[in-house]
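Chains as they are written, first to last, in our numbering: chain A, -15 to 151; chain B, -15 to 151; chain C, -15 to 151; chain D, -15 to 151; chain E, -15 to 151; chain F, -15 to 151.
If you are wondering where the hints come from, they were derived from the structure by calculation, not from laboratory data. Among the hints, a few may not be true.
Identical copies carry no separate label here, and so any pair may be met within one copy or between two of them.
[Stated by the list, open to error] Below are the DSS-like pairs computed for lysine-lysine, each with C-alpha atoms no more than 25 Å apart in a straight line:
no., residue 1, residue 2
1, Lys25, Lys90
2, Lys126, Lys105
3, Lys9, Lys64
4, Lys120, Lys9
5, Lys64, Lys120
6, Lys64, Lys25
7, Lys89, Lys121
8, Lys121, Lys25
9, Lys126, Lys42
10, Lys42, Lys105
11, Lys45, Lys120
12, Lys25, Lys9
13, Lys45, Lys25
14, Lys42, Lys121
15, Lys13, Lys126
16, Lys105, Lys25
17, Lys120, Lys90
18, Lys105, Lys64
19, Lys13, Lys42
20, Lys9, Lys42
21, Lys121, Lys13
22, Lys42, Lys25
23, Lys42, Lys120
24, Lys45, Lys121
25, Lys25, Lys89
26, Lys121, Lys9
27, Lys13, Lys25
28, Lys121, Lys90
Residues per chain, in single letters:
Number of protein chains: 6
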Amino acid sequence: MIGLYPGSFDPITNGHLNIIERSTKIVSKLIIGVLDNCDKKSFFPLADRVAMIRESTKHLKNISIITFDGLLVDCAKINKADIIIRGLRNLSDLHFETQLDVINKKLDNTIEIIYLISCDKYLHLSSSIVKEIALKKGDISKFVPEAVVERFRRRDIFKKTSSIFNT
Amino acid sequence: MIGLYPGSFDPITNGHLNIIERSTKIVSKLIIGVLDNCDKKSFFPLADRVAMIRESTKHLKNISIITFDGLLVDCAKINKADIIIRGLRNLSDLHFETQLDVINKKLDNTIEIIYLISCDKYLHLSSSIVKEIALKKGDISKFVPEAVVERFRRRDIFKKTSSIFNT
Amino acid sequence: MIGLYPGSFDPITNGHLNIIERSTKIVSKLIIGVLDNCDKKSFFPLADRVAMIRESTKHLKNISIITFDGLLVDCAKINKADIIIRGLRNLSDLHFETQLDVINKKLDNTIEIIYLISCDKYLHLSSSIVKEIALKKGDISKFVPEAVVERFRRRDIFKKTSSIFNT
Amino acid sequence: MIGLYPGSFDPITNGHLNIIERSTKIVSKLIIGVLDNCDKKSFFPLADRVAMIRESTKHLKNISIITFDGLLVDCAKINKADIIIRGLRNLSDLHFETQLDVINKKLDNTIEIIYLISCDKYLHLSSSIVKEIALKKGDISKFVPEAVVERFRRRDIFKKTSSIFNT
Amino acid sequence: MIGLYPGSFDPITNGHLNIIERSTKIVSKLIIGVLDNCDKKSFFPLADRVAMIRESTKHLKNISIITFDGLLVDCAKINKADIIIRGLRNLSDLHFETQLDVINKKLDNTIEIIYLISCDKYLHLSSSIVKEIALKKGDISKFVPEAVVERFRRRDIFKKTSSIFNT
Amino acid sequence: MIGLYPGSFDPITNGHLNIIERSTKIVSKLIIGVLDNCDKKSFFPLADRVAMIRESTKHLKNISIITFDGLLVDCAKINKADIIIRGLRNLSDLHFETQLDVINKKLDNTIEIIYLISCDKYLHLSSSIVKEIALKKGDISKFVPEAVVERFRRRDIFKKTSSIFNT
């Protein structure tokens, strides 16, 4: 069984990595699909996001990384994925995922979507909060793989992200 | 009894249409209030949003379509609406609507707001997800009236909307 | 338009009364449907629950009080109600009401259900919390009509209700 | 891969059946685990619950039905299941399932739990609401397999369940 | 400042203990208030619940343990508590606590209630799930203090609790 | 005990003021920390936001107002705060706050965060909704201190905020 794990991975966190590791025990081959946001709003460019995933998943077998920019169901079909795998952390995730799931089913009901609930230590972790902490010069090494810590270090002037206090 | 059903309708979906059809059985006259977002962030211009509603509600009687840009309670008063009608899909809706309801009541407590819960097949449908799918060249014909499908077809270059994956 | 406002009213609270008063401005006749829980688990007997509603709604016109024990949709049909009215306080209410709404629609889709969101001062009020406070000899006069305060006073030995701390 | 789908199935609904059918496409063998509530609070006896599942899943291959009364993780281990499959309908489910998932992981972290989100038409369906409707002589044939409709028909005197209005 | 931390503690868990330890850093004296459920529905008798708390908090200073059976605000007043402390794990907790908070404020607005959010490793822990696991002969030693593990061991025949699968 | 109450206060509302007043009864000194959003997305400039807080809290003692732009935990440490105080209104707040709380604990677990639940009359109030109403020429005097009403009056041309209908 081939699984597709899609996301923006901007950047990959330990929470994503945990879902990836658990997914490799469920499927025989795991495709990590990195969304190519054409609208360029991502913090890290697509190539960097892919590179950080590659470096962080070196220890895992049967993984391939692709990029995509169309509909998730089309991406799954083109890559011959049997199932789509997604992580669930909380209610907001559930609302969003349910919406996506139901709509995707109406676009193509041949691909099943399965959910893995995040481990409790990653329940509150997100790419956004990692960027927020890094932007404020906090220590992110507990939250992301080493490859990501390095990339943040290399960027001298941080591209501004909207502060989590703004909302 | 005159009812006001306000929204951005950017664009109208089958979910909106379902609330409109059900509302016409409750009130003797239904006014559809289209928000004129002065800040121009809408995907379709106001005139188009009104036109799509008009074409999609031709089969219904006792409907009028207006545009407004001030407070909802003022719009209701000016148009002599007795009640405001709103659709509820989920928790996020409920939070937002409760906030709006309570605040509106404090601004003017003479107009009642009633809620209709979306049919299950429209529970996960929103204007945003329709735009997302259309932007990615997916088939939206199951989710919106024919008038909307046409409008999307006519637009050759899509104005970009933020990808739902960005969050 | 005839509206049906169903519930257990065990006992009626100021929150229920607020929904009733607002409903009378929407419908020309309001039927208050009191559920006859055959399984006898209610705190107040059916007759008392009806009497407390009657005494608390004396100032309102065009109200009738009935009891019922079957399906809500059947009760609505028999009493020629055009719409069913329900109050929404929070998420738990929304889940429960959505479930009920969707299922009722599948049993009979000719009767519309409309929701009124509770005023903020009644958002946290429920019959259960009133019984809890009364049981613990607290002052409930801010939360229920005078008719209910009296009934609690008349009962010397309170029938035990499960403590809200048990969960 | 062997999957375990546990539950009370009191009785099996079309929602359960939908999860079962979808699961058979993910795993090579599906074990349906019926909880033997020793405390006898179930509406249908264990044997009946198993029989209704058997009759409703005749069209599916590679399914086996077992009963269990200990910890879910022990049941999975004894039956050599590689993954546990659960359905998610809404927030209450998510809370409960997350709790169960996290606690089970701490008891045994070798078995993965995956979630399937209920189809929209089954999102509001539960065994409890089916029993409620049946108790009130409503038509349940849209909500459960034929085997369940029959069983309800055969029971002349319904064992009382607590009314959903009681809460 | 004197703080009151109320609960059923049936039995005390590591999650409760964590809130107690953190509370002792906020208040100069902490009173642990154990609810005396007169309706006898608790799993452990009141004396046992108190004893388990006593044994589990030996390492902490400035703690006293009391029992109470009336309103929380009355308990706080009698014991001269300045604030009431409560733990928050999730949405259900929030709903319940908000309701309690608002109602208590209306009964007596001189006592402030403060909330501590549970550590992530205790977010999914509850007295109920501990009893469920113990009842099914699972290992609870990761979830409760040693004093509680012992008490469960001493009870040969477990009093039945309702299975979490029943709902 | 020194408390830190952080926020954007863009602008301060009666809900913020209520939390401030209640906090002064819990801590001996309260520091109000105003976030200096370097990205300039705030409606009122930092100096104005500070001034409005100052004018609105003149009646309170033992308050100091600071600005900060780094991590909340660093701000707390530099200012020798023993606890951080935050208001909780609803679910969205809880999600956000839990995430922040857990992550902050991992960055520095020596500072405790306590939550106060908003009074029911402020449960639906936010800086955003105040700006929305002011922008639409509605009356905000029930929702904010006089100092804020004045500031809005002085601004002839409102800087546009995104309409709450846009989402």
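Outcome of the hint check:
1. Lys25 <-> Lys90: neither (28 Å within a copy, 29 Å between copies)
2. Lys126 <-> Lys105: both (11 Å within a copy, 16 Å between copies)
3. Lys9 <-> Lys64: Result: close both inside a copy and across copies, 19 Å intra and 15 Å inter.
4. Lys120 <-> Lys9: Neither: 37 Å inside a copy, 28 Å across copies.
5. Lys64 <-> Lys120: Only across copies: Lys64 and Lys120 sit 19 Å apart there, 42 Å inside one copy, limit 25 Å.
6. Lys64 <-> Lys25: Classified as neither: same-chain Cα gap 29 Å, cross-chain 38 Å, threshold 25 Å.
7. Lys89 <-> Lys121: between (42 Å within a copy, 16 Å between copies)
8. Lys121 <-> Lys25: Both. Shortest intra-copy (22 Å) and inter-copy (20 Å) distances satisfy the 25 Å Cα cut-off.
9. Lys126 <-> Lys42: within (19 Å within a copy, 33 Å between copies)
10. Lys42 <-> Lys105: within (23 Å within a copy, 29 Å between copies)
11. Lys45 <-> Lys120: The answer is neither: 36 Å in one copy and 31 Å across copies each exceed 25 Å.
12. Lys25 <-> Lys9: neither (33 Å within a copy, 37 Å between copies)
13. Lys45 <-> Lys25: neither (31 Å within a copy, 45 Å between copies)
14. Lys42 <-> Lys121: For Lys42 and Lys121, the Cα distance exceeds 25 Å both inside one copy (28 Å) and across copies (35 Å).
15. Lys13 <-> Lys126: This pair counts as neither: shortest intra-copy Cα distance 28 Å, inter-copy 33 Å.
16. Lys105 <-> Lys25: neither (28 Å within a copy, 32 Å between copies)
17. Lys120 <-> Lys90: between (42 Å within a copy, 15 Å between copies)
18. Lys105 <-> Lys64: neither (33 Å within a copy, 28 Å between copies)
19. Lys13 <-> Lys42: within (15 Å within a copy, 32 Å between copies)
20. Lys9 <-> Lys42: So Lys9 and Lys42 pass the 25 Å test inside one copy only (16 Å; across, 30 Å).
21. Lys121 <-> Lys13: neither (38 Å within a copy, 28 Å between copies)
22. Lys42 <-> Lys25: neither (27 Å within a copy, 40 Å between copies)
23. Lys42 <-> Lys120: neither (30 Å within a copy, 32 Å between copies)
24. Lys45 <-> Lys121: Answer is neither; intra-copy 34 Å and inter-copy 34 Å both fail.
25. Lys25 <-> Lys89: neither (28 Å within a copy, 30 Å between copies)
26. Lys121 <-> Lys9: neither (36 Å within a copy, 28 Å between copies)
27. Lys13 <-> Lys25: Neither. Shortest intra-copy (30 Å) and inter-copy (42 Å) distances fail the 25 Å Cα cut-off.
28. Lys121 <-> Lys90: between (44 Å within a copy, 15 Å between copies)
Going through the hint list in order, the structure does not satisfy hints 1, 4, 6, 11, 12, 13, 14, 15, 16, 18, 21, 22, 23, 24, 25, 26, 27.
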